[in-house]
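K.L.:
Make a model of the complete structure from these sequences and hints.
Residues 3 to 253 (the working numbering) make up the sequence shown, in order.
Just so you know, the hints here were simulated from the structure itself, not pulled from any lab data.
Hints are not guaranteed to be accurate.
What the hints assert, rightly or not - DEER-style ranges, computed between Cβ atoms: (1) I193 to M152: 44 to 54 Å; (2) G141 to G115: 26 to 36 Å; (3) L195 to A138: 52 to 62 Å; (4) L38 to D114: 32 to 42 Å; (5) T41 to T83: 52 to 62 Å; (6) V194 to R130: 25 to 35 Å; (7) G102 to T185: 57 to 67 Å; (8) A88 to A29: 50 to 60 Å; (9) A148 to R19: 57 to 67 Å; (10) A59 to A29: 37 to 47 Å; (11) A138 to G102: 31 to 41 Å; (12) S47 to A88: 31 to 41 Å; (13) T41 to G12: 41 to 51 Å; (14) A29 to D114: 26 to 36 Å.
A virtual CB, placed ideally from N, CA and C, is assigned to each residue, including glycine.
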Amino acid sequence: VYTALGGTLGPTQYVCRGWAGSGSVPATGASNAVILAITNDSQLSWLWATNYQVNIAADPHGAVEGATSGWYAVGGNVTVTGVPDAWYHFDGWSGDAPAGQAADNPLSMTVDGPRSVTAGFAANLAPRGTPEHWIAAHGLTNLPFAEAEMDDRDGDGRPAWEEYGADTDPTNGTSALEIVGMTLSGSGLSIVLQGGTGAIQCVEAAADPDEEVDERRHQNHRQHHLGEHLAEQQLADRGHAVEGEGDEEQS
Numbered sequence: 003v004y005t006a007l008g009g010t011l012g013p014t015q016y017v018c019r020g021w022a023g024s025g026s027v028p029a030t031g032a033s034n035a036v037i038l039a040i041t042n043d044s045q046l047s048w049l050w051a052t053n054y055q056v057n058i059a060a061d062p063h064g065a066v067e068g069a070t071s072g073w074y075a076v077g078g079n080v081t082v083t084g085v086p087d088a089w090y091h092f093d094g095w096s097g098d099a100p101a102g103q104a105a106d107n108p109l110s111m112t113v114d115g116p117r118s119v120t121a122g123f124a125a126n127l128a129p130r131g132t133p134e135h136w137i138a139a140h141g142l143t144n145l146p147f148a149e150a151e152m153d154d155r156d157g158d159g160r161p162a163w164e165e166y167g168a169d170t171d172p173t174n175g176t177s178a179l180e181i182v183g184m185t186l187s188g189s190g191l192s193i194v195l196q197g198g199t200g201a202i203q204c205v206e207a208a209a210d211p212d213e214e215v216d217e218r219r220h221q222n223h224r225q226h227h228l229g230e231h232l233a234e235q236q237l238a239d240r241g242h243a244v245e246g247e248g249d250e251e252q253s
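P.N.:
Encoded structure:
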């Protein structure tokens with residue numbers, strides 16, 4: 003009994019696909035083992051094939067149909083299709099997609115080496131950037147998405163697209179991004195916000211306009227008194243000068 007043992011080296015696999023023989027060896031065979039009795043000069047040649055590993059995966063919010071991960075013969079063809087979930091779209095292949103084919107869907111690849119490809123998916127967005135899946139999750143599907151993101155379903159004065167940015171509930175009028183408390187201490191001002199825990203919020207600070215007006219009035223008042231003081235000082239200086247001249251004439 004003669005047996006050929008294949009092997010795997012990383013993502014490359016070597017597989018015996020049969021033999022060719024002469025003399026006491028049958029002319030051909032399709033297995034990796036042969037039983038024979040040698041009665042004359044004979045020759046046995048094992049025939050080998052090379053397979054490459056192809057890995058196929060999908061990012062969240064979709065799946066891949068068609069070929070699956072596994073070993074494929076050199077020169078073969080693998081075809082896969084990225085299928086997005088509802089409210090998402092196919093966003094290209096990452097990994098070892100052939101040059102110029104990262105956006106193809108379906109993707110057809112010739113097996114000329116090991117490959118690993120992953121289907122990517124991205125959210126569909128309404129015109130103002132609100133994800134369709136967010137709109138649908140809040141039940142705002144009775145209108146086209148472009149209209150739904152402009153709808154103020156809970157009547158709080160904020161359309162759905164603003165509530166998405168504030169991370170508040172567009173169907174709950176009490177869910178709003180608001181300042182509900184402030185505490186001034188030696189370390190500064192502490193502000194307590196309601197809502198918006200899942201988004202980055204920006205808080206801007208500005209001086210009270212009334213305080214700015216009062217400060218300008220105080221500044222003008224100080225400048226006015228300073229001007230009066232300077233004028234009085236100048237008059238006094240001139241008076242001293244005149245008195246000095248009179249004293250010189252009398253002497």
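K.L.:
If a hint holds in the structure, say so; if it doesn't, say that too.
P.N.:
Hint check results:
1. I193 to M152: 44 to 54 Å: Given about 30 Å between the Cβ atoms, the range is violated.
2. G141 to G115: 26 to 36 Å: Check failed, 49 Å falls outside 26 to 36 Å.
3. L195 to A138: 52 to 62 Å: Since L195 and A138 have Cβ atoms about 27 Å apart, the given range 52 to 62 Å is violated.
4. L38 to D114: 32 to 42 Å: Holds, since L38 and D114 (Cβ atoms, about 37 Å apart) stay within the stated range.
5. T41 to T83: 52 to 62 Å: holds, 56 Å
6. V194 to R130: 25 to 35 Å: Given range 25 to 35 Å: holds, Cβ gap about 29 Å.
7. G102 to T185: 57 to 67 Å: The hint (57 to 67 Å, Cβ to Cβ) holds, given that G102 and T185 are roughly 59 Å apart.
8. A88 to A29: 50 to 60 Å: Holds - the Cβ-Cβ distance for A88 and A29, about 59 Å, lies within 50 to 60 Å.
9. A148 to R19: 57 to 67 Å: holds, 58 Å
10. A59 to A29: 37 to 47 Å: With Cβ atoms ~44 Å apart, the hint holds.
11. A138 to G102: 31 to 41 Å: holds, 35 Å
12. S47 to A88: 31 to 41 Å: violated, 56 Å
13. T41 to G12: 41 to 51 Å: holds, 42 Å
14. A29 to D114: 26 to 36 Å: holds, 32 Å
When the structure is compared with the earlier hints, violations turn up for hints 1, 2, 3, 12 and for no others.
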